[in-house]
Amino acid sequence: MHHFRRLASRLLATAATTAGLMAGAHAQITIGQTAGHTGTVAASVKEATQGAKLYFDIVNAGGGVNGQKLTLVSLDDKFDAKLAVTNAKALIDQGVVALFLNRGTPLTQAIMPLLTEHKIPLVAPSTGAMVLHKPVHPWLFNVRATYQREAERSIEHLSLIGVERIAIVQVDDSFGEDAVQGAMAGLAKVNKAAVAHEKYDRAKPDFAPLLPRLLAKEPQAVLFIGSGTAVVQGMKAVRAAGSSAQLVTLSNNASAGFIKDLGDIAYGVIVSQVFPYERSIAKPVIKEALEAAQKAGLELTPTTVEGYVSAKVLVEGLKRAGKQPTRQSLRDALEGMGRYDLGGIEVGYSAKDHSGLDYVDLAIIDRTGKFRR
Numbered sequence: 001m002h003h004f005r006r007l008a009s010r011l012l013a014t015a016a017t018t019a020g021l022m023a024g025a026h027a028q029i030t031i032g033q034t035a036g037h038t039g040t041v042a043a044s045v046k047e048a049t050q051g052a053k054l055y056f057d058i059v060n061a062g063g064g065v066n067g068q069k070l071t072l073v074s075l076d077d078k079f080d081a082k083l084a085v086t087n088a089k090a091l092i093d094q095g096v097v098a099l100f101l102n103r104g105t106p107l108t109q110a111i112m113p114l115l116t117e118h119k120i121p122l123v124a125p126s127t128g129a130m131v132l133h134k135p136v137h138p139w140l141f142n143v144r145a146t147y148q149r150e151a152e153r154s155i156e157h158l159s160l161i162g163v164e165r166i167a168i169v170q171v172d173d174s175f176g177e178d179a180v181q182g183a184m185a186g187l188a189k190v191n192k193a194a195v196a197h198e199k200y201d202r203a204k205p206d207f208a209p210l211l212p213r214l215l216a217k218e219p220q221a222v223l224f225i226g227s228g229t230a231v232v233q234g235m236k237a238v239r240a241a242g243s244s245a246q247l248v249t250l251s252n253n254a255s256a257g258f259i260k261d262l263g264d265i266a267y268g269v270i271v272s273q274v275f276p277y278e279r280s281i282a283k284p285v286i287k288e289a290l291e292a293a294q295k296a297g298l299e300l301t302p303t304t305v306e307g308y309v310s311a312k313v314l315v316e317g318l319k320r321a322g323k324q325p326t327r328q329s330l331r332d333a334l335e336g337m338g339r340y341d342l343g344g345i346e347v348g349y350s351a352k353d354h355s356g357l358d359y360v361d362l363a364i365i366d367r368t369g370k371f372r373r
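Residue numbers for the sequence shown follow full-length UniProt numbering, so the first one is 1 and each next one is one higher.
Hint data in this document are derived by calculation from the structure and do not stem from the laboratory. The structure presented is a predicted model; accordingly, all values stated were derived computationally and were not measured. Be aware that a few hints might be false.
[Unchecked claim] Below, a list of computed lysine to aspartate or glutamate pairs in the EDC-like style, where the Cα atoms sit at most 20 Å apart:
1. LYS287 / ASP361
2. LYS236 / ASP366
3. LYS53 / GLU291
4. LYS46 / ASP57
5. LYS287 / ASP57
[Claimed, not checked] Cβ-Cβ distance ranges computed for the label pairs, FRET-style:
6. GLU117 / GLY322: 21 to 31 Å
7. GLY344 / ASN191: 32 to 42 Å
8. GLN94 / ARG373: 17 to 27 Å
9. GLN328 / ALA193: 24 to 34 Å
10. GLY344 / GLY297: 21 to 31 Å
11. LEU160 / THR71: 13 to 23 Å
Glycine is no exception: its CB is placed at the ideal position from the N, C-alpha and C atoms.
Please put together the full structure from these sequences, using the hints given.
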C-alpha cells in the first residue's frame, strides 16, 4: 500500500514538474498593436512594424524577457479612428500587457480614454502630436520628438538656406492643426509669414481647388503636413503644375514606401527625422539594427529604426516590471526609468515627462532614392 502511495506521489510530482516546464516553455508576454496596415499609411506602418519585430526576434532568440517570449498581435485599423478604438478594445479584452506602436494623431486621441479606463500603457505611438506630451498622460509613453519641433526645425532650415517665400499645405485634422503651430513658431523666429496656407480634407484629399491659389503666390518652398499617399498626391500635383519649389514634409513620411510612391519626383524632397541616421553605425543602436535588418533581408529605413528603437524601450520597461509584468508594473517601470542609454541615444521618463526622446534632424532624398543627411 505504501509502495503505491509513494509511486502515486512520484507520478504526481513528475506530472507537476512537466506541467510547469510546459507552462514555462509556452509562457509569453502579449503586446497589442492597432495600426493602418492597409490604407494611406500602410507603407510606414509596415516598416515600423518590421523594425519592432526585428528586435522582438532578437529578444526571443535570447530566451525572451525573464524567460517569457514576446508576441505581437497586430490588427488593421485602416487608419480609421473608430476602427482603432474597436481594435484597441479587442486587444485589451484579449489581455495584452500593453498597446504599442499605433499610428496617427486622431487615432491615438480616440483610444486615449481606454488607457485610463483599463489602466493599460500605450508605448511609442507613432505620432508627434503635442497633445500626447502635454499635459502628461499617466499611461502614455512617447518615444519620438513632437511634430511641432520638426516643423519648426524645417522652417528654420529653409530660412537658413535663403528661402524667403514659404507656403504651407496641411491636412485639416488634429494632426495638421498641431504640427502647423511649430511651423508658425519657426516663421515667427525668422520674422516671416507663410505666403500661402492651404488645408485639405483628410478623408477625401483633393488638391485641384487649392493648387491655383497656392502657386499664384510663387512659393520657393512648400511644407506638406499630412500623411502617406495624400502628401504624395499633393507633391505630384505641385510638380505637374510646373512648380520647382522645394518640397518638405515631416518624419511620419520617412519611409522607403513614401519614396517609392513619389517615383520620379522624389529627388530633392526634404523629410525631417526624429531618430539618428540609419547609416550612422558609430551609434551602437543603429549598428545593431542594421545588422539585424541585413540578416533578415530588410532595408533599414528611418521608419524601421523607429520601430526598432520603440521595441527596445518597451522591452527595457518589461525587464524592469518584474518576473510577471502587469500593466501597472510596466507603467511604473517606464515612468521610473530615468535616463537610459539605448545605444548612443538616451531615452528618459519621469512623472512629469513622458516624451522619451527630443531628437530632430533633416534628410534629403538623393538620386538613388535614399535618405541622406
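Hint check:
1. LYS287 / ASP361: Given that 20 Å is the threshold and the Cα spacing comes to 19 Å, the pair holds.
2. LYS236 / ASP366: The hint holds at about 17 Å.
3. LYS53 / GLU291: Judged against 20 Å, a Cα distance of about 14 Å means the pair holds.
4. LYS46 / ASP57: With Cα atoms ~16 Å apart, LYS46 and ASP57 stay inside 20 Å; holds.
5. LYS287 / ASP57: Roughly 16 Å between the alpha carbons, so the hint for LYS287 and ASP57 holds.
6. GLU117 / GLY322: 21 to 31 Å: holds, 23 Å
7. GLY344 / ASN191: 32 to 42 Å: Cβ of GLY344 to Cβ of ASN191: about 36 Å, so the range 32 to 42 Å holds.
8. GLN94 / ARG373: 17 to 27 Å: For ARG373 against GLN94, whose Cβ atoms are near 41 Å apart, the range 17 to 27 Å is violated.
9. GLN328 / ALA193: 24 to 34 Å: violated, 48 Å
10. GLY344 / GLY297: 21 to 31 Å: For GLY297 against GLY344, whose Cβ atoms are near 25 Å apart, the range 21 to 31 Å holds.
11. LEU160 / THR71: 13 to 23 Å: violated, 47 Å
Of the numbered hints stated above, those contradicted by the structure are hints 8, 9 and 11, listed in ascending order.
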